[in-house]
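Dock chains Z, E and W against chain S, hints included.
So the protein lines, in turn, are chains S, Z, E and W. Per our numbering, the first sequence runs over residues 1 to 413. Per our numbering, the second sequence runs over residues 1 to 413. Per our numbering, the third sequence runs over residues 1 to 413. Per our numbering, the fourth sequence runs over residues 1 to 413.
Honestly, the hints are just simulated from the structure, not real lab data. Any given hint might turn out to be false.
Stated by the list, open to error - Derived lysine-lysine pairs resembling DSS-like cross-links, with alpha carbons at most 27 Å apart: (1) Z/Lys356 x E/Lys402; (2) Z/Lys356 x W/Lys356; (3) Z/Lys402 x W/Lys402; (4) E/Lys125 x E/Lys192; (5) Z/Lys356 x S/Lys356; (6) W/Lys356 x E/Lys356; (7) E/Lys402 x E/Lys29.
Unchecked claim - Here's a subset of chain S near chain E, in silico, CB distances under 8 Å, partners left out: (8) Gln303; (9) Gly304; (10) Val305; (11) Asp308.
As the list claims (entries may be wrong) - Residues from chain E shown here face chain Z by an in silico Cβ test under 7 Å; the list is partial: (12) Asn170; (13) Gly297; (14) Ser301; (15) Arg307; (16) Arg314; (17) Leu322; (18) Ala345; (19) Ala349; (20) Asn398; (21) Leu400.
All figures in this text were calculated on a predicted structure; none of them were measured in a lab. All residues carry an ideal CB built from backbone N, CA and C; glycine is no exception.
Protein chains: 4
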Amino acid sequence: MQFGFDDRTQALVAEMRDFFDTHVLASEKVFGEQLDALDDRFAFTRTQVVRDLQAEARARGLWNLFLPAGSDPDGLGAGLTNLQYAPLAEISGASPNLGPVAMNCAAPDTGNMEVLHLFGTPEQKERWLTPLLAGEIRSAFAMTEPDVASSDATNVQLSITRDGDEYVINGRKWWITGAMNPDCTVFIVMGKTDPDAARHRQQSMVLVPRDTPGLTVLRPMEVFGWDDHEHGGHAELVFTDVRVPASHLIGEEGGGFAIAQARLGPGRIHHCMRTIGIAERALSLMCARVDERVAFGRPISEQGVVRDWIATARIEIEQLRLLTLKTAWLMDTVGTRGAHTEIQAIKIAVPRTVQKILDNAIQAHGAGGVSQDFPLSMMHAGVRTLRLADGPDEVHVNSLAKAELKRQAAARG
Amino acid sequence: MQFGFDDRTQALVAEMRDFFDTHVLASEKVFGEQLDALDDRFAFTRTQVVRDLQAEARARGLWNLFLPAGSDPDGLGAGLTNLQYAPLAEISGASPNLGPVAMNCAAPDTGNMEVLHLFGTPEQKERWLTPLLAGEIRSAFAMTEPDVASSDATNVQLSITRDGDEYVINGRKWWITGAMNPDCTVFIVMGKTDPDAARHRQQSMVLVPRDTPGLTVLRPMEVFGWDDHEHGGHAELVFTDVRVPASHLIGEEGGGFAIAQARLGPGRIHHCMRTIGIAERALSLMCARVDERVAFGRPISEQGVVRDWIATARIEIEQLRLLTLKTAWLMDTVGTRGAHTEIQAIKIAVPRTVQKILDNAIQAHGAGGVSQDFPLSMMHAGVRTLRLADGPDEVHVNSLAKAELKRQAAARG
Amino acid sequence: MQFGFDDRTQALVAEMRDFFDTHVLASEKVFGEQLDALDDRFAFTRTQVVRDLQAEARARGLWNLFLPAGSDPDGLGAGLTNLQYAPLAEISGASPNLGPVAMNCAAPDTGNMEVLHLFGTPEQKERWLTPLLAGEIRSAFAMTEPDVASSDATNVQLSITRDGDEYVINGRKWWITGAMNPDCTVFIVMGKTDPDAARHRQQSMVLVPRDTPGLTVLRPMEVFGWDDHEHGGHAELVFTDVRVPASHLIGEEGGGFAIAQARLGPGRIHHCMRTIGIAERALSLMCARVDERVAFGRPISEQGVVRDWIATARIEIEQLRLLTLKTAWLMDTVGTRGAHTEIQAIKIAVPRTVQKILDNAIQAHGAGGVSQDFPLSMMHAGVRTLRLADGPDEVHVNSLAKAELKRQAAARG
Amino acid sequence: MQFGFDDRTQALVAEMRDFFDTHVLASEKVFGEQLDALDDRFAFTRTQVVRDLQAEARARGLWNLFLPAGSDPDGLGAGLTNLQYAPLAEISGASPNLGPVAMNCAAPDTGNMEVLHLFGTPEQKERWLTPLLAGEIRSAFAMTEPDVASSDATNVQLSITRDGDEYVINGRKWWITGAMNPDCTVFIVMGKTDPDAARHRQQSMVLVPRDTPGLTVLRPMEVFGWDDHEHGGHAELVFTDVRVPASHLIGEEGGGFAIAQARLGPGRIHHCMRTIGIAERALSLMCARVDERVAFGRPISEQGVVRDWIATARIEIEQLRLLTLKTAWLMDTVGTRGAHTEIQAIKIAVPRTVQKILDNAIQAHGAGGVSQDFPLSMMHAGVRTLRLADGPDEVHVNSLAKAELKRQAAARG
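Just chain S, with the same shape it has in the complex (with noise of 0.2 Å):
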């Protein structure tokens, strides 16, 4: 056991360090300044700045730094492990909207070009894929319904019907994340291909281009107020007697639960490594402003409650970020599936700490905090929403305590 990072990972993260530093957090303003002067607000990859930072990041070395080694035979990524990627996601992660998109590592298009590198056909690979290692396209992954509880998913309705060559989408999703965005050309669908086979193989995924007749983008979701036109939105979508080709079909029919859950385990992590930069960033800010405020006669920051906020978010920050760290390993070394109590252990740790962080932030920062002014509210948003993201926390708590249940059982004998 060891705990500091190998020599690759560490010449990386100070060359995104630099990166961010000079690069990233500076163009924040100015992103927003473009994207008011966007005909189109949801439109954000055609801003100048990203398309700069894209290039500059490509020019260092951190594109699509995301597609973890193990499973990359093709060379298509760094060929980093998820261990080596951590560190590099978390930087990325403090400026939410700019970040991750820099690098080509944003979600959703992380989580779908893995979903096409594993399991998409040759021409779907060449179609979608390349463009989206690229960065010339974005995508969106379409799975949450509005009328069902679909952290069970097995209550998912949208239904997808073979007739002929063709598959026949009907349906509604909402919170499909980047869909806002007219330059996302493709959606990734979770349907029902069989209502009748066992409980996780009725499902099936299929790829449904933007321009599809019968798809209709119906509305944006707001989050907390937001509409995170910063990144994509998120569309609330209806597919009326849509038709796609057969070859659409990602792996095979009743195979979508399954890609399902490949796809979100890198997902969880990778939000999870995202929002300790958040953490980092909103402590960092906590720090300036309580330093630099006097209310009664002295700093804010010998105030001893404030003190307690910022001691207790270093240590939980300590600790969510080791707990990442271990949980990437084991997806190295013993796989997805045999690290599965430690996403979900995270999955449910990281955001609930990090909102407590960032709601400390904001009280630090008096009025200010609740404004457009600071990111915090904002991040208040993302973070707080992951939360629900990919299942309620209770879902997961329910789960990982059977798993614990179980195994301290078989201990008992």
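Only chains Z, E and W this time, still in chain S's reference frame:
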């Protein structure tokens, strides 16, 4: 000691409940549509639905209920005690953007009307109090400043300088609630008239009409991503050599701090009353949602953790309401000053507790909870901000503890 | 609605306060010494100090105050309502081992006296109620069993079998409070008379004198390391073919569950009242300690975190007291059954909140706080245990939530 | 970075696990019986079971494992790093009264042995270190005083005055762990040799044999009702003109503070390691209990709230363990001083988190949980007290926050 409301209050509660259920709640959706159709999205008082609700409330005798019997010799209000007003304010609060304004009981106008009522000259009353009581104009209260921790009122920097028959005002304010509404025609502005006076005698208040040269409404502040245009937003204001007649002074020079204190007591308890209404609505929404949603084969309402949220919310709401009612009773019987500790107690306890209730209600709603389809995330933004408005929790906690320590030391002799 | 106590209550509170400050508090130290000098450390009622306090309380009219006016046609008690009794019970609770017993208002005798008063035969009353009211004997209530989750009363397994003119009792009980005291001469024992009856008609209660053959007082149970000999301990009892005359049945066969329910309502609120007294004492001790101790150059009472504890304690105590008082008022006006939800609410809220207050008070005391030099750790043991006594929190939380869901569903129509 | 233990550690863990499961756990009951049979209940090292366990541990090579490789050139210990020792200490901690002493790795002797090892003269080592390493005698560390907040070491008042070839000691100490055991034959006493020296140069340490005239073991302190006789209790000591030869000085005059600091780092991490073992045992007990108990028709382990406790405990334990292991690794690689912040972090995080876990485990056990039938309430007393031992949480929180603010300010430049 007894815990039942008197007959008049019970009758008013029944009237208010009917008005709320049949008119206010039913208007929420169309209010949003009418707002979207306005030229100026902040001019919410120009929507037909607000005007209709105000007419209906007036016809039912639910108008200007806030003015406390004890300080209203002229009979401008309904002659209610704070204790009688409490359950009515609570009901109105459950629809934060429509309930209070429908009854002309919305902040910050209520506090401003009280200030004019108690401290205004006959001319000031005629020009501003009369149209405010009639709901014809709106007002704002400009105290908080961007550059200092405004919880410490001695930090206030905006200067108000006497120059012949005029005051000249220079400085900057932010978070001026309601001020984005063009119908908000007057601002009560707090600033320093004498930096060399004793600490609590440096401030004064002056009335500044909206159209006074030199006054710039710089930008709308956002609250967790919301611009709160539904009740007039929150403005950042710049005062550059703004001149008003000396007769626009409220009370006496150096009296600003005392007036602010007198204004804050009722303002704080009104916020608490309305916030309890928010908590009740959140609990109702949560119960309805978990009864109707099914996950893993049974209604979410059968999950133990969800039941814990519901029970805890009910218990906490009961406690908050009782403490708020007792505080109102104290204000009625021993005055605002005598109820100082209790006002601080509810100022601290209500928002932080209701924030948790809202957070759980959001979680119980799944992804819908963070969206614009339910009022929960909007309510969260408002309630969370109350933990900062009129001084952050920590200032009040410290002050309340100091008073308790003093009281206990005296008891020890 | 009004929040002041009536004149009689104010007079009694003044008397009680004087008695408590001048006699009860002053006796705590010597009580410990007298206990140590006893042959049987559990025979606390044989200490001189308890006898003296009882005589003094009786002389002051502070005796048997607990019997509620509404269910005491014979005038055995002081004729107080629950609301009038509340502040008196609170004061007594601040010295948990002496206050209640001094006034003959200590659990479990109070509940047992109520049971005998409401359901006892004339013979039962003469033999046990009269000496209990006179403070001459003590009693215990034997319900909880070691082998089952006793929060579910249908789990109770001890058998009570009719055999001619006798009942034969076999089984095991634990946590029988007061039963280690040799002066505890009678047990009210709950068991099953008919395992085949409807779920809530299987249990009955019988009176079992201490010296009945076959009844073994097996061992004292400990509570967080304390044996609670100061109030008679908690015994584990074994019943082996214990025989009592059929006339020792309380009420009717199958009526045990109903009697237990009737007993629990008042019992729970009395515990809550006294626990609020504990909280007040903890807050006083905390304030005194932090004022007198200096660390790093200033009194601990100036530390922000300590002030947070103090303010939070004050606010929470006020809320708990108001909810308890309202519950008492409801019991007086609509009966114990009508106050069911409120009784559950305080049963849940009071111990968990006061546990936190005690924990902070202990922390504020430094190492002294966990020691025998202050009553805090003893209080912690008792209050913590209340979260399990009469059913763990979780049972009540679940039940209260169920009632709320039902009420809300009805309101939705 | 990697998270697996090396081969030697894995082998030792297996040995330790076997020793613990087959010997230590099985001895807990008989240990209690043997203690009860002793003339002096505090003389726990005289029980046969402790002697047998020590012989067995020694035979297995599980003896004196605590002495860190880096500071043990003489090879007195097992030559383990802190990181290697961590999982072994954790296992031992799960039986707090037997595990550590079985391996001669119990506080406060471990710290005292380190002090003698690092700072003792050859004579001191021969007289005290050798028999301590052999488990023949026991020792205590006398620092905390009743009259001052001892978290601030400059408050220490006991005087140590040079008088010819002797030191004369006057003062009072309390909470001197292990000192009630008559086999505890030597005390390391911290006091003031020079009140006029610089703040951190006023203190010195001297060795005081138990039988020195003028030293009175006044009374045993209790911890939440426990006297902890199972590991020698906690004594209050009075020093009245106690005289020891000048050669009993440890290190140099004025060096006491520095030695105390050197001693505290390892001491704190050892406590944390063992406390994590307590948490694991509590979780095991909780899982077993809720699986076996049935309430309202289903095992308690199916209740959602109980599952929340279990999942949360598992997640928190993983985080605490990782942070503790990383801290051990830092101590091994950059030294105790370089790991200062991390040592503070675990000192704060571990006890407060494990206190919660224990509280939930107790609740899950029902009434049994607070009793002597399970080790949970005893563990609670010990863990709760750790939040005060070696300085209360608040002191460390404040210090850690200060360091973080400084670090952040430096990063801002």
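Does the closest beta carbon of chain Z sit nearer than 7 Å to the beta carbon of E/Leu322?
holds (4 Å)
Check whether the Cα positions of Z/Lys356 and S/Lys356 lie no farther apart than 27 Å.
Holds - the C-alpha atoms of S/Lys356 and Z/Lys356 are around 11 Å apart, at most 27 Å.
Does the CB of E/Gly297 sit less than 7 Å away from some CB of chain Z?
violated (18 Å)
Hey, does the E/Asn398 contact hint survive, CB to chain Z under 7 Å?
This hint holds: E/Asn398 lies near chain Z, its Cβ roughly 5 Å from the closest one there, short of 7 Å.
The hint names E/Ser301 as touching chain Z; please verify it with the least Cβ-Cβ distance against 7 Å.
Given a least distance of 6 Å, the restraint on E/Ser301 holds.
Would you mind confirming whether the straight-line C-alpha gap from Z/Lys356 to E/Lys402 stays at or under 27 Å?
holds (20 Å)
A closest beta-carbon separation below 7 Å is what the hint needs, so does E/Leu400 meet it against chain Z?
holds (4 Å)
Given hint W/Lys402 paired with Z/Lys402 - CA-CA distance at most 27 Å:
Holds. Z/Lys402 to W/Lys402 sits at ~25 Å (cutoff 27 Å).
Do the alpha carbons of E/Lys125 and E/Lys192 lie within 27 Å of each other, as the hint requires?
holds (24 Å)
Please verify that hint: E/Arg314, Cβ, nearest Cβ of chain Z, below 7 Å or not.
Since chain Z brings a Cβ to about 5 Å from E/Arg314, closer than 7 Å, the hint holds.
When the nearest CB of chain Z is found for E/Ala349, is that gap smaller than 7 Å?
holds (5 Å)
Measure nothing beyond the straight line between the CA atoms of W/Lys356 and E/Lys356; if it is 27 Å or shorter, mark the hint as holding.
holds (11 Å)
In terms of the numbered hints stated before, the structure departs from hints 7, 12, 13, listed from lowest to highest.
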